[in-house]
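The first sequence begins at 13 in the working numbering and counts up one residue at a time.
Do not take every clue at face value.
The list that follows gives simulated cross-link-like pairs (lysine-lysine, DSS-like), each with its CA atoms no further than 30 Å apart [what the hints assert, rightly or not]:
no., residue 1, residue 2
1, Lys144, Lys133
2, Lys357, Lys290
3, Lys166, Lys152
Here are the simulated distance ranges between beta carbons [said to hold, decoys possible]:
no., residue 1, residue 2, range
4, Gly289, Ala468, 54 to 62 Å
5, Arg98, Ala511, 20 to 28 Å
6, Tyr268, Glu97, 36 to 44 Å
Honestly, the hints are just simulated from the structure, not real lab data.
Every residue gets a Cβ at the ideal spot worked out from N, C-alpha and C, and that includes glycine.
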Amino acid sequence: MKSSIEGSNPSDSVPPTGELGTKAPRSPFRFPTPSRPMPAVRVRFAPSPTGYLHVGGARTALFNWLYARKTGGTMVLRIEDTDQERSTEAHTQVILDGLTWLGITWDEGPYFQAEAGPKHKADAEQLLGEGKAYRCFCTKAELDAAREAAERAKSSFRYDGRCGRLSAAEVQGRLDRGEPFSVRLRMPDEEIAWEDAVHGRISFQGRDLDDFIILRSDGTPIYNLAVVSDDIAMRITHVIRGDDHVSNTPKQIALYRAFGQPTPVFAHVPMILGNDGKKLSKRHGATAVGDYQNQGILPLAMRNFLALLGWSPGGDREVLPEPEMIALFSLEGIQKKAAVFDTTKLEWMNGQYLSALPAADLLPPVTRHLAEVGVSTEGRDLAALVDAVKVRSRTLLDIAHQVAVRVDGSRVTRDAKGDALVAKLGDAFPGNLRLVLGVLEGAEWTAPALEAAVKALAEAEGKKLGDLMQPIRVALTGGTVSEPVNELLAVVGRDESLARIRRAAGL
RNA sequence: GCCGCUAUCGUCUAGAGGCCUAGGACACAGCCCUCUCAAGGCUGGAACACGGGUUCGAAUCCCGUUAGCGGUACCA
13 MKSSIEGSNP SDSVPPTGEL GTKAPRSPFR FPTPSRPMPA VRVRFAPSPT GYLHVGGART
73 ALFNWLYARK TGGTMVLRIE DTDQERSTEA HTQVILDGLT WLGITWDEGP YFQAEAGPKH
133 KADAEQLLGE GKAYRCFCTK AELDAAREAA ERAKSSFRYD GRCGRLSAAE VQGRLDRGEP
193 FSVRLRMPDE EIAWEDAVHG RISFQGRDLD DFIILRSDGT PIYNLAVVSD DIAMRITHVI
253 RGDDHVSNTP KQIALYRAFG QPTPVFAHVP MILGNDGKKL SKRHGATAVG DYQNQGILPL
313 AMRNFLALLG WSPGGDREVL PEPEMIALFS LEGIQKKAAV FDTTKLEWMN GQYLSALPAA
373 DLLPPVTRHL AEVGVSTEGR DLAALVDAVK VRSRTLLDIA HQVAVRVDGS RVTRDAKGDA
433 LVAKLGDAFP GNLRLVLGVL EGAEWTAPAL EAAVKALAEA EGKKLGDLMQ PIRVALTGGT
493 VSEPVNELLA VVGRDESLAR IRRAAGL
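Model the full structure from these sequences, guided by the hints.
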């Protein structure tokens, strides 16, 4: 569970200059010191606290974390709470808890973006002073009207940069009159391209982008400015984030250029889809990490499953212990295509962990789930109970349910298959149970002895072993599925087992 | 509309020009094991979106088509 930073290999790190292919004239001093030491990797996970921790966000966090651990770099956590309307402290806590649950740790932060407001504003003013940005006096209403008109005329709207051509005197005049203004970045007419670590080269043309707003008329920053300003300040070298940000990237690169800063390496990871191929959302069921925790998924299994969703270690590996996951991780191994979230495979993965983990590791969550359903295991060997049922379980909830049935006779309810067996055996059902009772009452209550006793009975009576064992199983659990019957008897205990058999036999 | 991204079994993926008669995993079906189920083992069905190139040779490279997704805000 503890992350192993030791053994990670920093030689895998990539120099953080992903930008390339600019058609604009290049400065000969662009790469002044080729021999400069390679900066240490710094990545960040930057969620917005406007809801729970979504599985997509969790996976983005996981990839950042894996990359940091792999390269010996630093993981910083930044809460992007500039949307004061929707951001809440409770959401922040849920996100932090979700990451912690998954075993995703961070080395710096959490930083809160809203606290950097004054710096964002100062950065915008710096650009204003250098003529790389300009004041725009167009109002929201005017802009909306223009956009609507363009839409009606079936042509595309792009801000024409008219305020960028205002004379100094004109600007001063409007300022003197106290007109409100936003700040826009001058978008240069040049190619903006970068070598994306997962997609390869991606290219946009500056002329296709308009002079976008970086500072609202109330002086607060727009997302793209805040992100770039913070990423520069935090010396982020690798931006690993969702695919939905690729169209923001050229705008952000324009900002890096305006600030005269090198761009980080960008790695855009694909989306996670629901089973209908649409973006994963609430109507697909559980999308919050916390939901899976409540459904009895182990954090290790969740993390393993998430890692394999959109990333492949390259071979046929499925169950990956943490050290291997870190050692094998690479940005190049990330898939370009969106992936469908397959709950069935998640549960299979969870079953793998359930089977492999010692019962002791499962005790705390199982105890919690048992408490939720009101079952006490006071004075019982819970580890033995868990061991008895865990290989047949896919979730911790399954385990808790099965343990509950073994501990508390009042929870035995006959299921459809149990009913079918009773119907099939007819009189032999109570009859065989009475026979069994006869030998069990005098038997030594250990699994091997119980097995021997029932087998001897079957032989003596000329009955099939299954016709003796299955009724016991139904008597003790209500169903036809369980661990071997002798072990079941041992786990349920002598008095309780005999009582359940008597009841089922109608005695 | 415009800009960008993507395209291998139902799903997750391997595959970086010949090793591909396209491999593995989940799911599904059958068999084995067995007191049931699970696990495990074996077997089976199941995919390179389409069309053009390039090449002695293409799932792999190029172009186009189609489809899906993302963006196109004084949201993040």
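Each hint, compared with the structure:
no.	hint	in the structure
1	Lys144 with Lys133	holds, 14 Å
2	Lys357 with Lys290	holds, 19 Å
3	Lys166 with Lys152	holds, 21 Å
4	Gly289 with Ala468: 54 to 62 Å	holds, 59 Å
5	Arg98 with Ala511: 20 to 28 Å	violated, 57 Å
6	Tyr268 with Glu97: 36 to 44 Å	violated, 29 Å
Violated hints, listed in ascending order, are 5, 6; each of the other numbered hints is respected by the structure.
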